[in-house]
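Undergrad: Chains A, B and C are the protein sequences, given in the same order. Under the numbering used here, the first residue of the first sequence carries the number 2, and numbering increases by one thereafter. Under the numbering used here, the first residue of the second sequence carries the number 23, and numbering increases by one thereafter. Under the numbering used here, the first residue of the third sequence carries the number 169, and numbering increases by one thereafter.
Bear in mind the hints are in silico, worked out from the structure with no lab data behind them. Hints are not guaranteed to be accurate.
As the list claims (entries may be wrong) - Subject to a maximum C-alpha distance of 35 Å in a straight line, what follows is the list of computed DSBU-like cross-link-like pairs (lysine-lysine):
hint, chain 1, residue 1, chain 2, residue 2
1, A, K109, B, K221
2, C, K396, A, K206
3, B, K221, C, K394
4, C, K408, A, K243
5, A, K206, A, K126
6, B, K300, C, K396
7, C, K257, A, K206
8, A, K240, C, K400
9, C, K301, A, K177
10, C, K395, A, K206
11, B, K221, C, K301
12, A, K126, C, K396
13, C, K395, A, K177
14, B, K351, A, K76
15, A, K27, B, K221
16, C, K301, B, K300
17, A, K126, C, K185
18, A, K243, C, K389
19, A, K176, C, K400
20, C, K185, A, K243
21, B, K300, A, K177
22, A, K116, B, K221
23, A, K127, B, K166
24, B, K76, A, K126
25, A, K176, C, K185
26, A, K176, B, K221
27, B, K31, A, K127
28, A, K76, B, K221
29, B, K221, A, K177
30, C, K395, A, K176
31, A, K176, C, K394
32, A, K240, C, K396
33, A, K240, C, K185
34, A, K177, C, K185
35, B, K76, A, K116
36, C, K301, A, K240
37, C, K400, A, K116
38, A, K206, B, K221
39, B, K24, A, K76
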Amino acid sequence: MSLNVNHIDKSFDLTRALKQVDFEVKDGELFGLIGPDGAGKSTLFRIMVSLLIPDSGSCTMNGYDVVSQYRDVRKIIGYMPGRFSLYMDLSVEENLAFYARVFGTTVKANYDLIKDVYQQIEPFKKRLAGRLSGGMKQKLALSCALIHRPDVLILDEPTTGVDAVSRREFWDMLKKIQGEGITIVVSTPYMDEAEMCDRVALIQKGTILDITNPLEMGDDDVPLFALRSDRGVYTHLDKIRKLEECRSAWLFGDELHVTLRSHIDASAVVSTIECWNDPSIRWTSITPSVEDRFMGLIQEEK
Amino acid sequence: MKRFFGFVKKEFQHIFRDVRTLVILFGLPVVMIILFGYVVTNEIKDVDVGIWDKSRDQVSTEAIQKILSSGYFVLAETIDHEEEIESLFKSGKAKVVVVFEDSFEKRLLRENRAAIKLITDASDANSAMLVQTYLQGVLANYFKSVNQAGTIPWEVEIKSRMFYNEEMTGVYMFVPGLMALILMLISALMTSVTITREKEFGTMELLLASPLRPREIILGKVTPYVLLSFINAMTIILLGFLVFDVPVVGSLWLLMLECMLYITLALSLGVLISTVSKTQQMAMVFSMLGLMLPTILLSGFIFPIDNMPGILQWFSTIMPARWFIVVVKNIMLKGTGFAFIWKETLILLGMTLLFILAAVKRFNIRLE
Amino acid sequence: MTVASEHIIEVKDMVKKFGSFVANDRLTFHVYRGEIFGFLGANGAGKTTAIRILCGLSYPTSGEIRVAGHDVYHEREKIKRKIGYMSQKFSLYEDLTVSENIRLYAGIYRLNRKQINQREEQLLERLGLLPIKNRLIRDIPLGWKQKLAFSVAIFHKPDIVFLDEPTGGVDPITRRQFWEMIHDATQEGITVFVTTHYMDEAEYCDRVSIMVDGRIEALDKPAVLKKKFDSKDMNEVFLKLARN
Numbered sequence: 002m003s004l005n006v007n008h009i010d011k012s013f014d015l016t017r018a019l020k021q022v023d024f025e026v027k028d029g030e031l032f033g034l035i036g037p038d039g040a041g042k043s044t045l046f047r048i049m050v051s052l053l054i055p056d057s058g059s060c061t062m063n064g065y066d067v068v069s070q071y072r073d074v075r076k077i078i079g080y081m082p083g084r085f086s087l088y089m090d091l092s093v094e095e096n097l098a099f100y101a102r103v104f105g106t107t108v109k110a111n112y113d114l115i116k117d118v119y120q121q122i123e124p125f126k127k128r129l130a131g132r133l134s135g136g137m138k139q140k141l142a143l144s145c146a147l148i149h150r151p152d153v154l155i156l157d158e159p160t161t162g163v164d165a166v167s168r169r170e171f172w173d174m175l176k177k178i179q180g181e182g183i184t185i186v187v188s189t190p191y192m193d194e195a196e197m198c199d200r201v202a203l204i205q206k207g208t209i210l211d212i213t214n215p216l217e218m219g220d221d222d223v224p225l226f227a228l229r230s231d232r233g234v235y236t237h238l239d240k241i242r243k244l245e246e247c248r249s250a251w252l253f254g255d256e257l258h259v260t261l262r263s264h265i266d267a268s269a270v271v272s273t274i275e276c277w278n279d280p281s282i283r284w285t286s287i288t289p290s291v292e293d294r295f296m297g298l299i300q301e302e303k
Numbered sequence: 023m024k025r026f027f028g029f030v031k032k033e034f035q036h037i038f039r040d041v042r043t044l045v046i047l048f049g050l051p052v053v054m055i056i057l058f059g060y061v062v063t064n065e066i067k068d069v070d071v072g073i074w075d076k077s078r079d080q081v082s083t084e085a086i087q088k089i090l091s092s093g094y095f096v097l098a099e100t101i102d103h104e105e106e107i108e109s110l111f112k113s114g115k116a117k118v119v120v121v122f123e124d125s126f127e128k129r130l131l132r133e134n135r136a137a138i139k140l141i142t143d144a145s146d147a148n149s150a151m152l153v154q155t156y157l158q159g160v161l162a163n164y165f166k167s168v169n170q171a172g173t174i175p176w177e178v179e180i181k182s183r184m185f186y187n188e189e190m191t192g193v194y195m196f197v198p199g200l201m202a203l204i205l206m207l208i209s210a211l212m213t214s215v216t217i218t219r220e221k222e223f224g225t226m227e228l229l230l231a232s233p234l235r236p237r238e239i240i241l242g243k244v245t246p247y248v249l250l251s252f253i254n255a256m257t258i259i260l261l262g263f264l265v266f267d268v269p270v271v272g273s274l275w276l277l278m279l280e281c282m283l284y285i286t287l288a289l290s291l292g293v294l295i296s297t298v299s300k301t302q303q304m305a306m307v308f309s310m311l312g313l314m315l316p317t318i319l320l321s322g323f324i325f326p327i328d329n330m331p332g333i334l335q336w337f338s339t340i341m342p343a344r345w346f347i348v349v350v351k352n353i354m355l356k357g358t359g360f361a362f363i364w365k366e367t368l369i370l371l372g373m374t375l376l377f378i379l380a381a382v383k384r385f386n387i388r389l390e
Numbered sequence: 169m170t171v172a173s174e175h176i177i178e179v180k181d182m183v184k185k186f187g188s189f190v191a192n193d194r195l196t197f198h199v200y201r202g203e204i205f206g207f208l209g210a211n212g213a214g215k216t217t218a219i220r221i222l223c224g225l226s227y228p229t230s231g232e233i234r235v236a237g238h239d240v241y242h243e244r245e246k247i248k249r250k251i252g253y254m255s256q257k258f259s260l261y262e263d264l265t266v267s268e269n270i271r272l273y274a275g276i277y278r279l280n281r282k283q284i285n286q287r288e289e290q291l292l293e294r295l296g297l298l299p300i301k302n303r304l305i306r307d308i309p310l311g312w313k314q315k316l317a318f319s320v321a322i323f324h325k326p327d328i329v330f331l332d333e334p335t336g337g338v339d340p341i342t343r344r345q346f347w348e349m350i351h352d353a354t355q356e357g358i359t360v361f362v363t364t365h366y367m368d369e370a371e372y373c374d375r376v377s378i379m380v381d382g383r384i385e386a387l388d389k390p391a392v393l394k395k396k397f398d399s400k401d402m403n404e405v406f407l408k409l410a411r412n
């Protein structure tokens with residue numbers, strides 16, 4: 002196991018940031034931690050990289066305890082904090098060279114590992130980091146986190162605030178890095194990124210709601226349907242919600258995603274919908290995405 | 023070692039890329055010493071003095087001659103009424119009035135005692151005190167010289183409270199004080215700000231999560247400022263010598279060593295401040311209020327320690343600058359050797375060790 | 169949705185240069201009264217620059233721009249009175265309570281005491297914030313904060329509200345509730361001008377513009393754009409456009 006998180010609790014003053022968080026990440030796995038801001042992702046990551054001490058529970062990284070053996074942990078991890086934290090007044094190559102030296106290595110020694118990422122920003126290597134665009138900053142930060150060839154890469158919300166194109170590129174790069182045998186733990190508030198991970202943990206208010214393989218979902222006992230309409234689905238939202246059979250209904254892109262109280266209700270709903278005088282309505286049974294699952298779990302909580 | 027030099031290099035890059043840092047680092051000392059220096063010398067050169075000589079005898083006339091030929095004072099007016107004193111002050115014609123009591127010489131010869139009143143326009147307390155001290159000095163010199171033959175000394179009550187040196191050149195006093203102030207400012211303020219900047223920008227999080235040890239981080243951040251502060255100290259001494267003719271009477275080597283000690287002390291204070299401040303702003307306020315002001319007010323740099331109320335006198339003993347000023351004055355102006363300043367040096371050394379210990383202890387290896 | 173044909177925002181050949189860098193290159197578009205207008209683009213495409221100009225916070229280099237019937241060169245104060253603004257980075261004062269924030273904004277728009285009390289009560293009740301009205305903003309969850317910020321931004325019933333990434337980092341349910349609030353606002357005749365990085369949210373807009381390198385490369389209804397670019401969702405449209 003690359004990472005072993007063992008019943009961790011952590012509080013700040015009166016707020017319980019993490020409650021009995023417990024999971025494992027296998028060697029070479031790309032593991033996602035998905036949840037909104039304030040769910041406790043950064044706190045958990047800071048415990049994992051030995052920057053915070055849990056109130057109870059333990060955490061080991063490649064077998065090293067993050068509290069008692071923190072010096073060993075710090076040698077084998079590459080960490081990218083949630084906030085862009087490179088030196089704005091140093092150039093791209095100066096930042097990279099600095100972090101290489103901090104870890105007692107050189108840019109040259111590990112150039113092959115960072116090549117794919119770094120080549121994209123290399124044309125701007127003389128530019129100060131503060132003048133880079135969001136996507137480029139991210140690539141630089143990733144290069145710096147990789148420069149010492151860590152065993153485990155810990156990335157705290159690397160794609161937050163970054164546009165869809167850069168996000169897609171970023172995930173492609175992570176896949177390649179995973180191919181080099183590096184274990185990756187990454188957090189994100191974007192549910193659609195879940196499918197890029199081998200497994201994801203869904204976290205909300207300091208609690209892990211579920212750990213799942215994003216591609217193997219579906220055998221869910223809550224029936225999920227999608228409603229589409231050329232007239233726009235928003236007009237149907239209130240009506241659907243008023244149905245007795247409806248457990249929940251939410252906007253979902255150009256669809257409504259509707260969960261019902263039981264499988265038997267489906268036909269009743271179909272006949273009701275037919276009375277709405279919208280021939281363009283399409284009603285189909287679908288397998289839930291990670292986001293559907295997440296929304297279901299949050300509602301159960303409430 | 024490679025790690026360390028990498029860190030130092032990065033730190034120099036920060037410094038040389040930030041115009042504001044550079045201005046504070048190199049502009050400030052030069053501007054301050056020239057400004058302070060000239061303000062002081064000007065005051066002392068052109069003070070308007072009013073004379074009320076009730077006695078008009080040989081001694082008083084000669085004493086007046088001495089005052090006016092000293093180069094520090096210019097005769098504004100001679101007066102002979104009490105009311106004229108106030109009008110002189112009000113019109114701004116004079117800053118000080120010297121009053122010789124009647125039968126001045128006779129009293130001296132008969133009773134061995136006579137009085138001179140120095141009435142100063144105290145609206146500017148600082149320069150008033152300065153002026154008084156200068157006058158006292160000039161008069162004391164004069165009475166000493168005329169009374170050399172006399173067996174019983176004349177009692178003309180004149181006491182110098184602020185200045186040690188008989189030549190009474192203000193800049194001399196200023197250089198040690200300014201050095202203590204500037205080095206404290208540059209070293210403590212700059213280091214505390216540069217460390218908290220890493221916290222504020224989140225880069226500290228990465229440094230902490232790396233294999234760097236706390237002492238490597240601290241040393242890496244501080245080393246450039248040791249060098250730069252030392253250059254500053256030397257600049258101040260050089261400027262003092264070139265512009266204001268302030269010599270280094272004693273050993274330059276000893277002076278440099280003491281400077282290094284004081285710089286180390288100030289830097290460790292800076293590190294200590296950085297461990298208790300979350301933002302650059304906080305670090306700045308701490309350094310300004312906690313270090314700058316006390317250094318200016320309580321070190322004896324501007325206000326004589328002897329004149330302070332008891333509790334402030336006690337406070338001044340925990341001001342590193344107070345001891346450093348004594349050390350520098352001794353080496354630069356008196357030319358004394360280590361034998362005379364070992365006590366002060368020991369105090370500084372003790373303080374330094376204390377601050378380093380506290381700073382290292384408080385410097386966290388984690389985020390909380 | 170009632171989309172009137174009136175242009176509440178009218179932009180013609182808007183150019184903004186910073187030195188030799190062209191942040192906005194001859195932007196020409198309009199926004200209808202009462203619609204939800206999605207303003208998308210990659211980081212650094214020039215969205216923020218454009219929004220700042222439309223809100224009267226900076227001058228364009230050239231071009232004709234009218235917002236809520238007023239010229240952005242000469243009538244900035246009038247524009248500011250007719251718009252609301254909310255961004256992810258700044259929306260409410262963290263060290264004031266929920267109630268104090270509401271009263272502050274109400275005060276800025278010169279409501280009298282009675283109106284303020286009434287509107288505050290209504291708002292708190294609608295958002296379900298009554299029990300925590302005396303808590304500091306910094307202590308309440310992000311989702312609630314953003315909903316409150318939006319309500320405050322439309323408190324004075326502006327013609328247009330500008331939302332700059334209003335849902336960043338918010339949980340999926342709160343995000344959807346937020347969009348339902350946006351819809352409700354348009355029912356009251358408020359025009360919504362919104363940016364987002366969530367591509368599913370682009371689907372909720374009446375019309376969407378996509379900026380690439382300072383130019384608007386596409387502008388239409390989401391359904392039309394998807395057809396035009398032969399894509400299954402807006403994410404694909406965006407990737408196709410932004411990658412070339």
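Undergrad: Given the hinted pair K240/A and K400/C, is their alpha-carbon gap at most 35 Å?
TA: Satisfied, since the Cα-Cα distance of roughly 26 Å is no more than 35 Å.
Undergrad: Given the hint that K206/A pairs with K126/A, does the C-alpha gap stay at or below 35 Å?
TA: At roughly 40 Å apart (the allowed maximum being 35 Å), K126/A and K206/A break the hint.
Undergrad: Check whether the Cα positions of K395/C and K176/A lie no farther apart than 35 Å.
TA: holds, 31 Å
Undergrad: For the pair we were handed, K221/B and K177/A, check the Cα-Cα distance against 35 Å.
TA: At roughly 32 Å apart (the allowed maximum being 35 Å), K177/A and K221/B satisfy the hint.
Undergrad: With a cut-off of 35 Å on the C-alpha distance, tell me whether K221/B and K394/C pass.
TA: With a Cα-Cα distance of about 46 Å, the restraint between K221/B and K394/C is violated, given a limit of 35 Å.
Undergrad: Is the Cα-Cα distance between K24/B and K76/A 35 Å or less?
TA: Judged against 35 Å, a Cα distance of about 16 Å means the pair holds.
Undergrad: Would the hint linking K395/C and K177/A be met if the CA-CA limit is 35 Å?
TA: holds, 33 Å
Undergrad: Just to be careful, I want the Cα atoms of K408/C and K243/A compared with a cutoff of 35 Å; is the pair within it?
TA: violated, 39 Å
Undergrad: Holds or violated: K257/C with K206/A, Cα cutoff 35 Å?
TA: Roughly 22 Å between the alpha carbons, so the hint for K257/C and K206/A holds.
Undergrad: Taking only the CA atoms, is the gap from K177/A to K185/C under or equal to 35 Å?
TA: violated, 39 Å
Undergrad: Quickly compare the C-alpha distance for K126/A and K396/C to 35 Å and report which way the hint goes.
TA: Given that 35 Å is the threshold and the Cα spacing comes to 38 Å, the pair is violated.
Undergrad: Holds or violated: K206/A with K221/B, Cα cutoff 35 Å?
TA: holds, 26 Å
In summary, the structure is inconsistent with hints 2, 3, 4, 5, 6, 9, 10, 12, 14, 20, 21, 23, 24, 25, 33, 34, 35 from the numbered list given earlier, while agreeing with the others.
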